[in-house]
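*Asks:* Sequence:
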Amino acid sequence: MEAKLIQNKSLKNGLTVQLLDASRPIAGDRWFVSVLARMEIPVTLETLGNTRNMDLDLNEVLDLLGGTVLFEQKQERNFIGITEKEGVMEKMMSSFSALAESYFSHPEFAGNYILKQFMEMKKRQSWYP
16 MEAKLIQNKS LKNGLTVQLL DASRPIAGDR WFVSVLARME IPVTLETLGN
66 TRNMDLDLNE VLDLLGGTVL FEQKQERNFI GITEKEGVME KMMSSFSALA
116 ESYFSHPEFA GNYILKQFME MKKRQSWYP
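Residue numbers (my numbering): 16 to 144.
Hint data in this document are derived by calculation from the structure and do not stem from the laboratory.
Wrong hints could be hidden among the right ones.
[To be verified] In silico EDC-like pairs for lysine to aspartate or glutamate, Cα to Cα no more than 16 Å straight-line:
hint, residue 1, residue 2
1, LYS131, GLU87
2, LYS137, GLU87
3, LYS138, ASP78
4, LYS131, ASP44
5, LYS100, ASP44
6, LYS19, ASP44
7, LYS27, GLU123
8, LYS24, GLU87
9, LYS89, GLU17
Model the full structure from these sequences, guided by the hints.
*Replies:* Here you go:
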């Protein structure tokens with residue numbers, strides 16, 4: 016089942032977070048309720064410049080990760096009644112909105128996330144010749 020766009024939210028750091036509804040019926044009037052927050056983070060010198068951790072070679076990062084890095088976070092609840100579904104969705108969306116204001120919109124968020132993905136990819140590559 017395809018996730019449906021609920022809302023696009025522009026952040027102070029220039030990124031846009033998408034809130035998506037990935038809910039689906041499971042049995043009778045019961046639902047698996049899922050809200051997904053998704054951001055495409057461009058891998059640029061400006062984005063990486065906001066990290067204070069280390070100097071990275073942009074070309075090396077681009078070779079390993081490509082031009083964008085996808086960030087996703089989801090909140091899920093299972094076996095929710097149809098009458099409770101909208102309320103549960105609203106709570107999840109409000110939780111993501113609060114995160115967007117404080118955490119996702121922080122100036123260093125994008126650069127730190129790219130750095131994390133880069134280090135994880137390098138670590139995975141070191142396991143395989």
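*Asks:* Now look at each hint and say whether the structure bears it out.
*Replies:* So, going through the hints one by one against the coordinates:
| no. | hint | in the structure |
| --- | --- | --- |
| 1 | LYS131 to GLU87 | 14 Å, holds |
| 2 | LYS137 to GLU87 | 20 Å, violated |
| 3 | LYS138 to ASP78 | 15 Å, holds |
| 4 | LYS131 to ASP44 | 41 Å, violated |
| 5 | LYS100 to ASP44 | 10 Å, holds |
| 6 | LYS19 to ASP44 | 20 Å, violated |
| 7 | LYS27 to GLU123 | 11 Å, holds |
| 8 | LYS24 to GLU87 | 14 Å, holds |
| 9 | LYS89 to GLU17 | 15 Å, holds |
Checked against the numbered hints above, the structure violates hints 2, 4, 6; every other hint is satisfied.
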